[in-house]
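Chains C, A, R and U are the protein sequences, given in the same order.
Residues in the first sequence are numbered consecutively from 116, following our numbering.
Residues in the second sequence are numbered consecutively from 153, following our numbering.
Residues in the third sequence are numbered consecutively from 84, following our numbering.
Residues in the fourth sequence are numbered consecutively from 179, following our numbering.
Derived by calculation from the structure, the hints in this document are not laboratory data.
Just so you know, even glycine gets a beta-carbon here, dropped at the ideal spot from N, CA and C.
One or more hints might be untrue.
[Claimed, not checked] Going by beta-carbon spacing under 8 angstroms, a handful of chain U positions derived as facing chain R:
1. Phe247
2. Thr252
3. Asp427
4. Asp430
5. Leu453
6. Pro460
Chain by chain, the residues:
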Amino acid sequence: MSEEYEPNILAFLCNWCSYAGADLAGTSRTHYLPNIKIIRVMCSGRVNPLFLVNALQQGADGVLISGCHPGDCHYLEGNFYARRRFMLMRKLLEHVGVDPGRVNMSWVSASEGAKFKEVIDETVAKAKEAGPMDQFRRRQLNW
Amino acid sequence: MVDETILREKAREVLARDDVRRLIGWKRGTYGYESAPAVLKDASQADELIFDPTCVQNPASFITLEEKLPVPRGQDPDTRKVAVLVKGCDSRAVVQQLVEKAYTRDGVIVLGVPCTGVVDRRKAQKMFGDTSEPVMIKEEGDKFVFIIDGETREGPRAELLADKCVRCRFPNPLVYDELVADEVAVWGADEFADVDEFEKMSPPEKWKFWEEQFSKCIRCYSCRNVCPMCYCLECVVTKQKPQWTRRSTDVSENTAYHIQRAWHLSGRCIECGECERVCPVDIPITTLNRKMTRDVKELFSYEPGVDVEAEPLLSCYNPQDPEEYIM
Amino acid sequence: MMDESNPYLPYIVNIEDAWYETPVGDRAVKTFKVNFKDEKVWDTWSHKPGNCAMVGRLGIGESMFCISSSPTEEGYLRFSIMQAGKVTSALHDLEAGDTMTVRGPLGNSFPMEEWEGKNILSIGGGIGQAPLRPVINYVRANKDKYGNLSVLYGARTSDLHCFKSEFQEYQEEGTECHLAIDIEEEGWKNFVGFVPDLLLDVAPSPDNTIAVTCGPPILIKFVTQGLERLGFTADQIYTTLEERMKCGIGKCGRCNVGSLYVCKDGPVFSYATLKEIPEAFA
Amino acid sequence: MGDFKFAKDKLAEVVGALKDYEVFAPAAVGDVLRFKEVEDASSVSFDFKNTNVPPKELMFPETETLFKFRVGKTDIEPAVPDESKKRLVFGIRPCDAMAYTIVEKLYSWDYPDPYFEKRRESSVLFGLACSEPVPNCFCTSLGGGPGSEQGLDALMFDLGETVYVKTITDAGDTVAKAMGLEAAADAEKKAAAAQEKDALGKIKRSIDTEGIPEKLPSLYDHPFWEQFSDRCLSCGICTFLCPTCHCFDIQDEMEAFDGRRARMWDTCMFPEYTLHTSGHNPRPTRKERTRNRISHKYSYFPEKFDVIACVGCGRCINYCPVNIDILDILEKSKQAEAKEAKTA
Chain C
116 MSEEYEPNIL AFLCNWCSYA GADLAGTSRT HYLPNIKIIR VMCSGRVNPL FLVNALQQGA
176 DGVLISGCHP GDCHYLEGNF YARRRFMLMR KLLEHVGVDP GRVNMSWVSA SEGAKFKEVI
236 DETVAKAKEA GPMDQFRRRQ LNW
Chain A
153 MVDETILREK AREVLARDDV RRLIGWKRGT YGYESAPAVL KDASQADELI FDPTCVQNPA
213 SFITLEEKLP VPRGQDPDTR KVAVLVKGCD SRAVVQQLVE KAYTRDGVIV LGVPCTGVVD
273 RRKAQKMFGD TSEPVMIKEE GDKFVFIIDG ETREGPRAEL LADKCVRCRF PNPLVYDELV
333 ADEVAVWGAD EFADVDEFEK MSPPEKWKFW EEQFSKCIRC YSCRNVCPMC YCLECVVTKQ
393 KPQWTRRSTD VSENTAYHIQ RAWHLSGRCI ECGECERVCP VDIPITTLNR KMTRDVKELF
453 SYEPGVDVEA EPLLSCYNPQ DPEEYIM
Chain R
84 MMDESNPYLP YIVNIEDAWY ETPVGDRAVK TFKVNFKDEK VWDTWSHKPG NCAMVGRLGI
144 GESMFCISSS PTEEGYLRFS IMQAGKVTSA LHDLEAGDTM TVRGPLGNSF PMEEWEGKNI
204 LSIGGGIGQA PLRPVINYVR ANKDKYGNLS VLYGARTSDL HCFKSEFQEY QEEGTECHLA
264 IDIEEEGWKN FVGFVPDLLL DVAPSPDNTI AVTCGPPILI KFVTQGLERL GFTADQIYTT
324 LEERMKCGIG KCGRCNVGSL YVCKDGPVFS YATLKEIPEA FA
Chain U
179 MGDFKFAKDK LAEVVGALKD YEVFAPAAVG DVLRFKEVED ASSVSFDFKN TNVPPKELMF
239 PETETLFKFR VGKTDIEPAV PDESKKRLVF GIRPCDAMAY TIVEKLYSWD YPDPYFEKRR
299 ESSVLFGLAC SEPVPNCFCT SLGGGPGSEQ GLDALMFDLG ETVYVKTITD AGDTVAKAMG
359 LEAAADAEKK AAAAQEKDAL GKIKRSIDTE GIPEKLPSLY DHPFWEQFSD RCLSCGICTF
419 LCPTCHCFDI QDEMEAFDGR RARMWDTCMF PEYTLHTSGH NPRPTRKERT RNRISHKYSY
479 FPEKFDVIAC VGCGRCINYC PVNIDILDIL EKSKQAEAKE AKTA
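Chain C with its partners taken away, still in its complex shape:
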């Protein structure tokens, strides 16, 4: 891997905890890596696992889904559903040959600005290790 390789990470953050956590990281001037592009969703349970496949197709090198800690979900149980889904999706992608380091999930509460930074650092580190996602990216094949 060349040294300048910087992965693109797409992060789905839940509105109530993780997005607020990211906000806190920002307002408390914590430096986290800039590789991450954030999409705010109302709940981690809203993230359809197909978003993840689509993100990998469209150029993401890694994906992060982040929600409230179990039991803290604004909608009571959305993150429990998400947990099951992404557990399975991760296994499936791994079976197809996608490096499991590309699929990450975390629980970050609104008060965990510092944890948010750690999560991002780790996600980026894992994606860096996995290298560019070139397996089933939409390429301009014979266009």
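Given the structure of chain C, go ahead and fit chains A, R and U onto it with the hints provided.
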């Protein structure tokens, strides 16, 4: 052993009922090792039904295939029942469809057919060649006896059995209103050696394998359509607005399709093996499904299609679900 | 005419003007007045009332629409498009000054020459007026060649009437105009009821008359029945069909009714032809 | 035209001798055969019955770009294939070559399709006569045969150790000479004729197509279609694998700021195929779709182009997962009485 005269008699009785609209079973195919799914509407057709080792199709797929057209004004909807003949594996599809409330238990009449395994057409073709005349197959001990163009040939059961049958744990229907024969002994074991073997590969090796497989796909969607669990009225892969998967065939889109398919079947696949059987370009689709089945079992101790009272895996949760990968 | 060497290549057109015919919202109708980016296209372009064109946006796709301006209106083309799906929604986002693509003219047209000397009766419903508008305007521009022109038109509410101002023009010119709405409305002085009922109410004479009808399938079905009851023969009745289309040139296969391709052998059919094809009214 | 031969063990050399041509021949991935560009001449083999996917994909690819564009720009860049590049289709079966002659009629009808035509014009077809027909072959019923020359530039007969090449057109002759083939003797011609006769005898299935195109429209409402459509899966196997099925979908695709309009195989068996935006579907159930597929091949197409759009390759029968057998349908259609349709 299933006595076809009893099977036909029972089918005739069911078809003669006023509250039965159609019966789905198997009939003789037009050539070679093929049988055909039979959709019967009249008791007089019951003699078409057969049951022998060519009856590989899953009749449960056809319950949900029928289009629901709007009922013309002034007419009552047709609420008559659908009767279906099922082998053990097929009955799991019925169970899972009931779990998902695809229809109600009252809406179907299930005639259970205990099964001792069916023949894989491709394996038989390799062993005996092909023919344009229908082939008769009988099971005799550990052999299958074929009558091909009037000639009697024999082949070992173990080599001709469809893959799904080799590891079958449910030869007897799990849900039925009536059995047409006595239950048979179970032979298969709960094992995933094939999945373990595949998992030994590194991610790049796995991808190399799948890249070759997925690049063959012509996106005829027969694996989706034949699947008894794929009964959505509108499929996400053909949806135009928003369009998640493009229609063009290339490795990227084909992979996305197959991932989506396997994903939508995780915790739902009942291992009837139809998807792999119908594939015209031999993609080992069940390899994906088997992996999900194994993981669902290991992670959530869940097996689809065995318990009518169960809740669908992904519409419930357990607060103690594993989460070792979550940061 | 279209690029001879490659019928799949569209022309780029500039939108000169665009306006809503009906209140903005779901299923609204927007009219686009367009001109070719390359003015030279006009040298080879010729269309007739009834012709269609594939109108689209690069990156979204294209769909078949009838050209709703008559060839007698020179220097521009008009398309009236109802918002419904992916392409039409994207087209509705466009305003004057934007570009879109046009591929055409496609399909057959109303046999205007054959109809010379006859009375023309136009019966439209909702957006179905769009293919009839060129017929009406063509007849208006060639008044001496045709007999009487009468226009019957209906929509669910008066808001949903397309080309409102033009109906006034027709009336001022002395064209017989009958408007209808489905549901009673305050201040509506004209007919209330469905178009087939309006037709029977007006009861035009079939003598030396050609009836052209377009609208939702149910309207076409009952209008043709009404016309037959009034004494029109099948070859006096013309209509247009629509199907899902992709290529517009009779190759992609999806728009067939029986052995006819609506995109190429149609969209204009006489009722005499359609009667023979059971699939036509499927 | 000429008669040539070459030794079968020289196959790789013969194919390799052609430097100016892109050569396409059947290639296997696992058990699945389809036509691919030959990279290594030694991989070319005559040891196959027929490809799983028909060679229609050489003229009409699964997915092909019609033109390209860029966001914000209004110039369109057509992606018409380069006709100057000569292509050799090596080992195409006579039925698949005959299919080209049928599909061609549609593609050259009124608005010639440059994508199909350019590929077709620049291709030389070297057919391979069948010695072992598949059980569901019925080409002889549709004017073809194991040694049919329709659409071909040359026909090869695999005679065991030698291959007899009969050139049919000038283009075929040119290629045969470029391959450096030697002249064939009467012995090879006789052997080839004998092989053809033998192969003809091995074709077991057939249908008398007489009267079918005229009869099918009268069976529009006939209930017999349901015998077949009730078990149809609405998948695309029969049509995607049909060498004469030519329907396609057109879609725009964007990749950041670059876009293309592409066409890809589509099938009348999918419900989405005819679905209107309004939600209305003129062919809402499998009955209408099955009827349309058969009627299109055996009635609508011949009505327009005077030829049945079927070559009897048997693929739709071989690969149909639910044993919907076109010969069975046709046979039943002949027995069905139009009168019954009216009462139904």
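Evaluated hints:
1. At its closest, the beta carbon of Phe247 of chain U sits 5 angstroms from a beta carbon of chain R; the interface hint therefore holds under the 8 angstroms criterion.
2. About 4 angstroms separates the beta-carbon of Thr252 of chain U from the nearest beta-carbon of chain R, less than 8 angstroms, and the hint is met.
3. Interface restraint check: Asp427 of chain U against chain R, minimum CB-CB distance 6 angstroms, threshold 8 angstroms, status holds.
4. Below 8 angstroms, beta-carbon pairs count as interface contacts, and Asp430 of chain U has one with chain R at about 5 angstroms; its hint therefore holds.
5. For Leu453 of chain U, the suggested interface contact is upheld, since its CB lies about 6 angstroms from the closest CB of chain R, less than 8 angstroms.
6. Because the smallest distance between the Cβ of Pro460 of chain U and any Cβ of chain R comes to about 4 angstroms, under 8 angstroms, the interface hint for this residue holds.
Consistency with the previously given hints is maintained throughout, with no hint failing.
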